[in-house]
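Undergrad: Next come the chains, spelled out residue by residue.
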Amino acid sequence: MLEKMFNADSVAVIGASRTEGKVGNSVLKNLVNDFDGDIVPINPNSEEIMGLKCYPDILDVPDNIDLAVIVIPARFVPETIDKCGRAGVKSVIVISAGFKEAGIEGAKLERESVETARKYGIRMLGPNCLGLIDTTSNLNASFASFMAHKGNIGLMSQSGAICTSTLDWADKNRVGFSKFISLGNKADLSENDFLQELCNDDSTAVIAAYLEGVKNGHEFIDIARRVTGVKPVVMVKSGRTSAGSRAVSSHTGTLAGSDEAYNAAFRQSGIIRADSLQEMLDYIRAFSSQPVPKGRNMAILTNAGGFGILTADACYNEGLSLASFDESTIRTLRENLPPNSNLYNPVDLLGDAGSDLYAFAIDVLLEDPHVDGIIILTSPQAMTEVDKVAEIVADKVKTSIKPILCSFVGGTQVSEGEKILNDYSIPNYPFPERAVASMRALSTYNNIRKQSYTKPPEITADKKTVKSVIDEASQSKRLSLGLESLDILRAYDIPTVKTKIVKNLKEAIKACKQIGYPVVMKIVSPDISHKTDVGGVRLNLKNADDVERAYHTMMADVYRYMPDADITGVQVQEMVSGGKEVIIGMNQDVQFGPLLMFGMGGIYVELLKDVSFNVAPINRDEAKHMISSIKTYPILAGIRGEKPYDINSVADTLIKISQLVNDFPQILELDINPLIVLPDNQGCVAMDLRLTLREEE
Amino acid sequence: MVSILISSSEEYSGKSGLCNGLGRILKDRGYSIGYMKPIGNLLIDKDGFLTDEDAEESRTLLGLDDSLSDITPILQTENLIHDALMGVEKRFDKTLTDAYSNISRNRDIVFIEGSGGIGSGAMYNLSDPEIASILGSKILLVTRYDSIYAIDRILCDLKLVPDSDMVAGVILNEVPESNLEKVSELVIPYLERKGIKVFGVIPQDITLRSVPISDIVDDLNAEVLTGADNLNTLVERYLVGAMEVNSAIKYFRRVPNCAVITGGDRSDIQLAAIEAKAKCLVLTGNLRPSEAVLGSAEEANIPVILVRGDTMSTIKRMESLIGRARIKQELKIEKMMELINNNVDVDNFIKSIGL
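These protein sequences, in sequence, are chains D and S. Read in order, the letters of the first sequence are residues 71 to 767 in the numbering used here. Read in order, the letters of the second sequence are residues 17 to 371 in the numbering used here.
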């Protein structure tokens, strides 16, 4: 789709300049340095720049232009894109700044630019970006200070400065890229387009991205799910904390989005999330140079006991196991290593180990069927031949089908080894923990690529009832609904508590008799959301006398706490006992749409924050994962001989809610709090419901 | 010619709305209408002339050409209060009857609006019942029905009227949706058994409580940063954005037609408000928002206004603005007429004042 953007035969630079230091000069120079195709500078004030014929206007160029790089002031950009359209250009890169990031006028210009581009079917990268680099076609359509090395990493970044720094870091560490894309304001082309593009690109083995937000969350998950089945995707998403998200907002004019939603979306779509730029670069170097392990069992090879222990700890923390070696492995090691060496994992060759010993041990460990990957540690001790060890590692990596990651720890003395490894594009991690984290990323991808995604089951529901409840509320301009709308749950076959809403005491007593004692009584008011806080809940009422007393005192309490609240009545419901309280919630996330939440109920829920999230729609596996991934899951599964609770019915309810909120996107927020889970095979009951509807336009 | 004094149990109960609403309805039916607010207590400067804000607005809304000094002959100035306290004799009844005879000339009905509650003006011997006695008007009592205690107020207020024949009846205003049934089943029969005519029960209406953004701009002396074309939009509630951004989105979404007050440096909250389709962003502390946020607000067509005051003082001003909004837009007066036509027995009212 973006073939002509990356693989253009002819490139025009609109705003090309002969003046050193100008962006239009840098872009042209980069093209002239590396690009083999036609380069056409456009500038009305020059006839020739860098020996190339210069045209005053793109419309004056007689030949066909595939890609136009625009580096002129923002206010001229929409008009220029229009000219590009008339000239038949299909791809443009707008490097110029001064668009949405610069305020109201800029936002207008950005809108106009996109509209103009769409009119002509032009795809646009940027504005406000560094440009792009394709090392396969030798295209450097950017104002970066040099060309990237050739490699197999496809990287995109929403920050131009992160592009520049990464290029510089990569130059020093001999890391190469297939494609390098600065996304800018993402007015037209966004991460979704480039994810697909990089997925289809044979020269890209691993995809990396630095993002501050995604443009279309739903599409993002769909695309990423497909891409991660083909090649690994590692991303950093910044703006995770309240301070960071505020910085994103003021920088880009978009919301950073909730971090829970990003975690869920990344996990569900198989993206490996890096917590920092350093982590991302660590991981992609591993992916770029190493095969993916078949399992999580690692061998640690070291010449120092302390590093062996540190690495063993790190493996445990990252969820990797230390492989239990095959008998023959141990035998061979015993026969050949010095007497005091540690033969079990971590294998300690001792401080005086020479490079031959490393070579021997690496071969033995790679042979062991129980070993999925090796982490090699080297401390520069008196006898250590750092450079030779590096050569040996490089040699073994060439043929190994198992990943080998290195951590040569030190400074001046290990730098020679590190340089050799870099020359072979093998990462050296300055500390073992980073090697382990990168190994974990490789191993995680092994699970991701094996996963197959099943679509959520289709649930038949009485949508008509839901629609009528929602329509009625919208017509009377009620956005917050409560228990009176339990029919919505019933329509999706979710068991609900027996309940009745009444207006006065007389009706309340009648309703209690119908429902059967003991009962619970709650206040009903559009102004009160936390009923317990204002004394609006009375439990375990056993007879009419209890109900009468409870009614009067509840009314008095509520009036005392909230004298202005509009009380519409009370709700009586059956007491359900013998179950555990859990919460199911949904909130329409700004980027990803319906975000489901599951957690343990009760009064400590807000303190413990023991909840899990998934983006809807979810399938049964995802529903079960949501339930089992909370810390207090053992309480539901049956702790210390207690009977388990009916987890299957909770999974059913999650799937039904997932479908409900997908069927009715006008539901912005929904909470079933609590859902009482009864012992195994007895189901669950929704005790309360709260939802917020979208205001009709 | 008849006259009706619209009195009330408390301030901000809807006297102006009823005067103008009923006035327009009767005008449409072909009656010739007059209006007075004898005591001006909301002083404004109109073209170099001191008068009352209600008086000026009603004159415009009802399309009257009477002089403002006849519409509001007495202004509650500091001098007036001082003289009253010193016991200076003023002969206000003469001032009043003179003005009234000008206003009522060639008119079928004159609406007389009380100032404040039924007892306001008592220190000049000009409480609502006293004015009604001087001018021979009947009294229509408007009471905001906020709780069952409204009944106590009605009964007590009517005891201030010396002659029960002077009372035309009452209108219950701003009755919450949840109380409508109770009011019609229990409260009205109760009042009627006491011989009090209830002309109507007007339910709470959010449009009438709302204010246009332009009023907020004027009142807060705000600078409009973007969205100047949208200042006619009505705001029903205000919310304060001081929480974490994800909670803010949920909070803002629950309230339709709201203005969000937040600091100019809270770009995350500002975008949450835009996302939740708030009607207006009020930024405090004279801190200009980031350009990127302004760009987003402009795209979403949401006015952003900047005020000097801090959040606390801005909230105070907003509080006094919303819910005490005045009926000066055509939209609101039409809404008021609709409410009266649907909920007030206008024919019975006309009959009972002898029109």
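Since the hints were made in silico from the structure, they are not lab data. C-beta atoms are modelled at their ideal positions from N, C-alpha and C, and glycine is treated no differently. Possibly wrong hints are sitting among the right ones.
[Stated by the list, open to error] Among chain S residues calculated to face chain D with C-beta under 8 Å, some are:
id: 1; residue: D99
id: 2; residue: D235
id: 3; residue: E239
id: 4; residue: T242
id: 5; residue: A244
id: 6; residue: E260
id: 7; residue: K266
id: 8; residue: E291
id: 9; residue: V309
id: 10; residue: L310
[Said to hold, decoys possible] Pairs of lysine-lysine residues, derived as DSS-like cross-links and limited to a Cα-Cα distance of at most 30 Å, are as follows:
id: 11; chain 1: S; residue 1: K198; chain 2: D; residue 2: K576
id: 12; chain 1: S; residue 1: K43; chain 2: S; residue 2: K198
id: 13; chain 1: S; residue 1: K367; chain 2: D; residue 2: K533
id: 14; chain 1: S; residue 1: K210; chain 2: S; residue 2: K198
[As the list claims (entries may be wrong)] DEER-style ranges, computed between Cβ atoms:
id: 15; chain 1: S; residue 1: S200; chain 2: D; residue 2: E618; range: 23 to 33 Å
id: 16; chain 1: S; residue 1: E208; chain 2: D; residue 2: L575; range: 24 to 34 Å
id: 17; chain 1: D; residue 1: E618; chain 2: S; residue 2: D168; range: 49 to 59 Å
Undergrad: Hint by hint, note whether the structure agrees.
TA: Cross-check of the supplied hints:
{"no.": "1", "hint": "D99", "in the structure": "violated, 40 Å"}
{"no.": "2", "hint": "D235", "in the structure": "violated, 23 Å"}
{"no.": "3", "hint": "E239", "in the structure": "violated, 14 Å"}
{"no.": "4", "hint": "T242", "in the structure": "holds, 6 Å"}
{"no.": "5", "hint": "A244", "in the structure": "violated, 11 Å"}
{"no.": "6", "hint": "E260", "in the structure": "holds, 6 Å"}
{"no.": "7", "hint": "K266", "in the structure": "holds, 6 Å"}
{"no.": "8", "hint": "E291", "in the structure": "holds, 6 Å"}
{"no.": "9", "hint": "V309", "in the structure": "holds, 5 Å"}
{"no.": "10", "hint": "L310", "in the structure": "holds, 5 Å"}
{"no.": "11", "hint": "K198(S) <-> K576(D)", "in the structure": "holds, 14 Å"}
{"no.": "12", "hint": "K43(S) <-> K198(S)", "in the structure": "violated, 33 Å"}
{"no.": "13", "hint": "K367(S) <-> K533(D)", "in the structure": "violated, 52 Å"}
{"no.": "14", "hint": "K210(S) <-> K198(S)", "in the structure": "holds, 18 Å"}
{"no.": "15", "hint": "S200(S) <-> E618(D): 23 to 33 Å", "in the structure": "holds, 26 Å"}
{"no.": "16", "hint": "E208(S) <-> L575(D): 24 to 34 Å", "in the structure": "holds, 26 Å"}
{"no.": "17", "hint": "E618(D) <-> D168(S): 49 to 59 Å", "in the structure": "violated, 26 Å"}
Hint compliance for this structure: hints 1, 2, 3, 5, 12, 13 and 17 are not met, and every other hint is.
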